[in-house]
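A.B. asks: In the order they appear, the protein sequences are chains A and B. The numbering used here applies: residue 2 is where the first sequence begins, and numbers increase by one. The numbering used here applies: residue 9 is where the second sequence begins, and numbers increase by one.
Incorrect hints may have been included.
Distance condition first, Cα-Cα at most 25 Å in a straight line; then the derived DSS-like pairs of lysine-lysine [as the list claims (entries may be wrong)]:
no.: 1; chain 1: B; residue 1: K48; chain 2: A; residue 2: K63
no.: 2; chain 1: B; residue 1: K227; chain 2: B; residue 2: K297
no.: 3; chain 1: B; residue 1: K227; chain 2: B; residue 2: K245
no.: 4; chain 1: B; residue 1: K297; chain 2: B; residue 2: K115
no.: 5; chain 1: B; residue 1: K131; chain 2: A; residue 2: K51
no.: 6; chain 1: B; residue 1: K48; chain 2: B; residue 2: K83
no.: 7; chain 1: B; residue 1: K143; chain 2: B; residue 2: K83
no.: 8; chain 1: A; residue 1: K51; chain 2: B; residue 2: K48
no.: 9; chain 1: B; residue 1: K115; chain 2: B; residue 2: K227
For the record, the hints were derived by calculation from the structure and aren't laboratory data.
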Amino acid sequence: MRAEDFSERQLELEGWPVNVSSWRLGETWHAKADNVSPGAALARITAASKEEAEANAIARAKELLGRTRRHVV
Amino acid sequence: MYNVVMADYAHPETLVTTQWVADHAADPNVRVVEVDVDTKAYDEGHVPGAIAWAWTTQLSDTLTRDILSKEQFEKLANEAGLSNASTLVLYGDNNNWFAAWAFWQAKIYGHKNVRLMNGGRKKWLAEGREISTEKPAIKTGTGYRATAPDLSLRAFLPQVQEAQRNHAAALVDVRSPQEFSGEILAPPGLPETCQRGGHIPGARSIPWGKAANDDGTFKSLDELRQLYGGEGVDGSKPVIAYCRIGERSSHTWFVLKYLLGYDNVRNYDGSWTEWGNLVGAPVERGAAKAAGQ
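With the hints as constraints, model all of the structure from the sequences given.
C.D. replies: What follows is the structure, encoded as structure tokens:
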């Protein structure tokens, strides 16, 4: 099997840039969200559709990013 | 598509393309390993024939905070079916950070033929290459023997303290600008793992990602020279790279040592989770100064 329909886009969640990538392996869609800087994976989700996988990855990333405290420098 | 000529790098033999891996993954003399924090991504699908190494449990001592001992590395290699003559090809998610960490340890323990797959897992997926969910059968017990650790590749706290005091080495902070300034104490979305934010006084801020193209491959030799040279990191004196836990700085360590060919480069794996929790250690806060300042 091959990864198909790979795509990547960037959006902002909770004030942070986030990369959302998705691809299909057979009948299963995979989505991953990472914080752009530095690029660490925040969520990996599998679902039956691209929309569902991405939405769940975004929701999980938003939850984690919402906990990030900004300190006054 | 980026117009990068891998042969230009100081040690082009340490990189392979995704196509090279596709052509050689079944070669019995080649062992391909996907490396990440855990094996979740591997379990979803990986390069056919690849095995998995988990950073958390297999590439760090799980009791003490340390890299593997010589005996632990030998055990890992034997269980991976890796012989001393094998070509070890490493790749991973998270932009090859943890693959670079494994590369660093393999070099510490003297494995001669180690290579990173340029672009890592992301590029493999994006190219629509073959993916497997099967774990390959491995012939273990190769009698692997590691060398004594080459600690010239690793920086310990006293060496970093000395470098900070007397500027004997260039300190390169590869974290994000917000981590460098002290605005955040860990990458966005990850747990805070230090008491204080900021950076080691005198360190230059050169985030790891500046060395990579959008597709995860490394930038060209000229671009890398400009990037690091522009910050005064030109190989004329020793370099110590650090981040939060030492994995992003493994990526930069690889770039400096094998792509640019600097002789004396160390990875400070204690990184900010050590320095940022030390009693009495000096810390600077604020954005990076312009080059030359």
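A.B. asks: Taking the hints in turn, state whether each one holds.
C.D. replies: The hints, checked one at a time:
no., hint, verdict
1, B:K48 / A:K63, "holds, 20 Å"
2, B:K227 / B:K297, "holds, 24 Å"
3, B:K227 / B:K245, "holds, 23 Å"
4, B:K297 / B:K115, "violated, 34 Å"
5, B:K131 / A:K51, "holds, 19 Å"
6, B:K48 / B:K83, "holds, 22 Å"
7, B:K143 / B:K83, "holds, 19 Å"
8, A:K51 / B:K48, "holds, 19 Å"
9, B:K115 / B:K227, "holds, 23 Å"
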